[in-house]
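S.K.: Listed here are the chains, written in short residue letters.
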Amino acid sequence: MSKLTHCTELLHFTPDDYWQHISITDQSVCQQCRTKPCLTLCPSGVFTWNLHKSEPVLVLYKQCVECGACRLVCDNINFSFPCGGYGVHFVEG
Amino acid sequence: MTMLKHWYESKKPKKPVHKPLPETVLPCKKYDAIVVGAGPGGASAAYFMAKEGLDVLLLERGPYPGAKNCGGASLIAEHTHKLFPNFWEECECERIITQQAYWLMTEDSILASSFQSLKLAAAPFNRFTVKRRNLYQWLCDKAVSAGAELHLNHQVDQVLFDEGQAVGVEMSPPNQNRFLADIIILADGANSLLAEQAGLIPQVSPQDLALYVKETIALPAEVIEERFNLLPGNGTIIGLIGHPTAGFNGTGSIHTFKESININVGMAIADFAASGIRPYELLERIKKHPLIQPLLSGGVSLEYGSSAIPEGGYHAIPELVHPGLLIVGDAASLVNGTHGFNLAMWSGFFAAQAAYQAKISRDFSQKKLSLYRTLLNESFVMQDLKANAKMAALQRNVPYLFNLYSHLANETAYQMSKVYTMPKKAKRNLIFKKITSIQPLTKMASDLWKVIKVIQ
Ligand SMILES: Cc1cc2nc3c(=O)[nH]c(=O)nc-3n(C[C@H](O)[C@H](O)[C@H](O)COP(=O)(O)OP(=O)(O)OC[C@H]3O[C@@H](n4cnc5c(N)ncnc54)[C@H](O)[C@@H]3O)c2cc1C
Ligand code: SF4
Ligand code: SF4
Chain A
1 MSKLTHCTEL LHFTPDDYWQ HISITDQSVC QQCRTKPCLT LCPSGVFTWN LHKSEPVLVL
61 YKQCVECGAC RLVCDNINFS FPCGGYGVHF VEG
Chain B
94 MTMLKHWYES KKPKKPVHKP LPETVLPCKK YDAIVVGAGP GGASAAYFMA KEGLDVLLLE
154 RGPYPGAKNC GGASLIAEHT HKLFPNFWEE CECERIITQQ AYWLMTEDSI LASSFQSLKL
214 AAAPFNRFTV KRRNLYQWLC DKAVSAGAEL HLNHQVDQVL FDEGQAVGVE MSPPNQNRFL
274 ADIIILADGA NSLLAEQAGL IPQVSPQDLA LYVKETIALP AEVIEERFNL LPGNGTIIGL
334 IGHPTAGFNG TGSIHTFKES ININVGMAIA DFAASGIRPY ELLERIKKHP LIQPLLSGGV
394 SLEYGSSAIP EGGYHAIPEL VHPGLLIVGD AASLVNGTHG FNLAMWSGFF AAQAAYQAKI
454 SRDFSQKKLS LYRTLLNESF VMQDLKANAK MAALQRNVPY LFNLYSHLAN ETAYQMSKVY
514 TMPKKAKRNL IFKKITSIQP LTKMASDLWK VIKVIQ
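Sequence lines, in order, name chains A and B.
If you're matching positions, the first sequence starts at 1 in my numbering and goes up one per residue.
If you're matching positions, the second sequence starts at 94 in my numbering and goes up one per residue.
Honestly, the hints are just simulated from the structure, not real lab data.
Treat the hints with care, since some could be wrong.
Derived, one-sided and incomplete: chain B residues facing chain A with beta-carbon distance under 7 Å [stated by the list, open to error]:
(1) Ala160
(2) Lys224
(3) Asn246
(4) His247
(5) Gln248
(6) Ser265
(7) Gln269
(8) Asn284
(9) Leu304
(10) Thr309
(11) Pro313
(12) Phe365
(13) Tyr373
(14) Glu377
(15) Leu395
(16) Ala401
Bear in mind the structure is a predicted one, so any value in this text is a computation, not a measurement.
Ideal placement from N, C-alpha and C gives every residue a C-beta, glycine not left out.
The following block holds chain B by itself, in its conformation from the complex (with noise of 0.2 Å):
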């Protein structure tokens, strides 16, 4: 553990390096604009810029759209919608999300809450699934139809600086050469090491970046939809909680697409690394849980992956406005629950508008540029994650939330359901009896206590 960093110092941001620019710059094109990552964040800044006629160039370091994320995942209908109205003509979704459900899980016990309705399958529709290449390499077409460059293949290696105002990027190897512009917009997702090299932002913490791992399981549609009793082309997405995480908090899924599925799994780096639990192993708590095992039964395994979540919530954004810069989605922590690509989607369109105003103005200060900032803050963005930043800190204060209320939930439910030869009043003390046994009543009341003062 010598090595082992300790979880708080390691906010600490590193010193800023503004290296200058030697006189012997090539003379490169010079952009109004560059993105480092086509992800959601950065595909949408790059095509609302263009859209307004600003020079884009837009950096990816995958060799396509969407070749460096994996895991989920389902869109937000309304949000999206609001953004590129019926999208869902343009952009290949899986399946339409007609169920939602939530399964508290103990080793052989399933309590389940469901939702399921027909109206979620009309526009304009409440989810939909989507597979990643589908999602990002749509976001670039549009941004490259409405006037960016964009290059795969291409890996940012530094931001540079002059006398503190970013001016331009250098590439890693094979291509290693330099592009410059007035305004550089961050949407290097989760792991963003360009602001943290530069100094912007302190390293995230493993306590706030959540690992996840994932396998995608093939089984023919109407299988899926037997199984899962849905409707062709309707979809469910379960949330899994309890056991798959072995006792820590965190989440598990289930993500339904047109002929596959995707089992989603994770928590905090920082659990992974203290408990020593190897993360497909948790995969695998999944798959063989007796009750899970029949509906994957079949199956052929595609692919397995693993990637990570920013999951610090509202206190752990950092700085996202610097001068000639502005940092989007998943870098700058803009994530509700499992939840980004809107997020991403939106400070990206608000990135550029204030990228927009910059250029007409000519006025590239870290004032002007605020603007992004002021519009994120008015926006559902900030106003969500605000609304959850509790949520975030009672995982942390209960650290066994999820899992000993997911047991308990199941043991009422199962004592609830089975038949005794009691009377009823001899039955719900029974039944007490049995739940303060898992739980002592003074602990679930504080418990208690500290979930209601968070929810209220």
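So here's chain A without its partners, still in its complex pose (with noise of 0.2 Å):
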């Protein structure tokens, strides 16, 4: 078990099956990033590379904790809360 999965399983959610409030605005850009800062800044592991695919990075938005980290280093993540009553929930403060 590595030590993100540990983490994102002691997590609460409300997940929004219907709305994305994180995407990457143009993944063109991020096949030409250097060094992708998303990958390890996310404290939830949000963004991970995807190799084979034409998408190479993948947004697991349902399990950001709303932290906003992402939004302030990269230009070309669209970043918004998610809608009322969706996203994450803390109970223990």
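Reassemble the complex: the two chains are provided individually, in unrelated frames, and hints are given to aid placement.
M.R.: Rendered as structure tokens:
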């Protein structure tokens, strides 16, 4: 069990099946992106590299904890909060 | 790195979008004030306005108050008590803090400084640990019983303007309606997208916003008390410096709750991006530390989480007063160190006073509302932030400060406590040599000089 799965198993979500609140504006930009900070910065592992596809960065938006960090390091990430009532909820403070 | 924003360019504010209201706005109720975000800032603003008889709507995107925030947390009793006398009788607190400690850490040592006193266990107390659900819910209950209307699951999509004057808010789906008011108070937290989108404030720089991760670990109350040397019901807060943030300036902490503890750690978003360190790896560094591991043994992990803290300090505070609109709390960057609850509550209180004055004079201009900024300036909120402004700059000038001097202090303490078969003077010389081998003397002197200039 990786450290990240240990973490994400300890989260509670109400996922929105109809609307994705985080997306990549232009996937071809990701092909050129050298350091790909999104892959390591996200505390919840939302962005994952997807070698053989035309869409190199997969966005696992349903496990986003809404910290807002990604929006500050990459212009190619289109961020907004999930709709009212959806997304992560913390119970332990 | 092509799309990686230049840290400084990202400060540029976006163009204001003042969307004209269509003629066909549904005849919905108009409020005196709308507050966006039911955190400590927003709920306090709503409470104090409702108490003065204003018609208040409080909007929160989460399914319950506190659902969207995590990490920490402790409440400074004095500031809270002045706004909400004897709050500890109403708000469910976890532990009375009787011990505060700082641990300077390296990979295998801890140099601890700690203060513990039973004097802190009596009213008016010093600090309490709190769970956010309880704190946020308590403040929301107060606002609602004072007459404010609270809508949960309501995500504000944008602020509506009429010729530059804020006049209402529009909700995102599934409640795609609008609410109107004379005054809008933005209390939407560290990632204040609303103020940013409206062009009222620049986008925060990734250098000024810190990303924190936390893990809550359940342990029986008696085990916590035994391991941390506490009387029943009493608690400790331990600041962790050095090793936890892997050489970057950042901090960690342990907060003790009734039957669990929170481990928190974080640093600037810019440092995470540049270093490639994964945030949860910092949690592992703490949990796996040989001297911390025994404190956690047998604990059950309950919850992981991550949230941001504005750390730009005084100089990062944007314009807080706009026509018909005020910004409070984290959205206004009002955080001192990692303390934000009190600044949020007090800024909410001051905003409520300005709103009340505006309401009785029917004047919602920027000039009239600037009473908010005046009250803030005269209070501990701005004075403390000003006093700490130099510390934030210091951390930027000496980015390795925390980690390096944590190493030095531990090495000194280690050498001092070690018994050598040599005379005292020789021992002192040896320690001096060991220390200066870690950091050359001239470098130390120049860092020390920077520190002195700030502290004096
Ligand atoms: C790890 C960590 C540890 C901390 N420890 C401490 C501590 O020990 N002591 C301390 O004093 N402070 C601590 N803080 C800081 C403290 O959490 C904040 O300063 C404080 O919560 C600020 O209150 P606020 O009301 O301004 O914002 P928040 O508490 O962030 O509340 C904002 C609210 O607005 C809602 N919202 C946001 N956008 C919208 C929208 N568009 N529509 C509707 N609702 C919206 C959010 O869901 C949220 O409920 C810590 C912070 C972190 C991250
Ligand atoms: S999303 Fe941004 S940071 Fe991530 S790979 Fe694409 S361009 Fe790079
Ligand atoms: S908001 Fe935070 S958790 Fe969500 S995708 Fe961005 S970095 Fe990851």
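S.K.: Now look at each hint and say whether the structure bears it out.
M.R.: A quick look at each hint next to the structure:
Annotation: interface hint on B:Ala160 holds; nearest CB of chain A at approximately 4 Å, less than 7 Å. Hint on B:Lys224 holds. Least Cβ distance to chain A is approximately 4 Å, under the 7 Å limit. The beta carbon of B:Asn246 comes within 3 Å of a beta carbon in chain A, closer than 7 Å, and the hint placing it at the interface holds. Annotation: B:His247 was flagged as interfacial toward chain A, and the flag holds, the nearest CB pair being 5 Å apart, inside 7 Å.
Interface restraint check for B:Gln248: the shortest CB-CB distance to chain A comes to about 4 Å, inside 7 Å, so the restraint holds. Checking B:Ser265 against chain A by beta carbon gives a least distance of about 5 Å; that is within 7 Å, so the hint holds. Hint status for B:Gln269: violated, given a least beta-carbon distance of 10 Å to chain A, over 7 Å. For B:Asn284, the interface hint holds, since its Cβ comes within 7 Å of a Cβ in chain A; the closest pair sits about 3 Å apart.
Taken as an interface hint, B:Leu304 checks out: its beta carbon lies about 5 Å from the nearest beta carbon of chain A, inside 7 Å. The interface hint given for B:Thr309 holds, since its Cβ lies 4 Å from the closest Cβ of chain A, which is under the 7 Å cut-off. Because the smallest distance between the Cβ of B:Pro313 and any Cβ of chain A comes to about 16 Å, over 7 Å, the interface hint for this residue is violated. With 7 Å as the threshold, the beta carbon of B:Phe365 comes within range of chain A, its nearest partner Cβ sitting at about 5 Å, so the hint holds.
Because the smallest distance between the Cβ of B:Tyr373 and any Cβ of chain A comes to about 5 Å, under 7 Å, the interface hint for this residue holds. Because the closest C-beta pair between B:Glu377 and chain A is about 6 Å apart, less than 7 Å, the hint holds. Because the smallest distance between the Cβ of B:Leu395 and any Cβ of chain A comes to about 5 Å, under 7 Å, the interface hint for this residue holds. Among the interface hints, the one on B:Ala401 holds; its C-beta lies about 5 Å from the nearest C-beta in chain A, closer than the 7 Å criterion.
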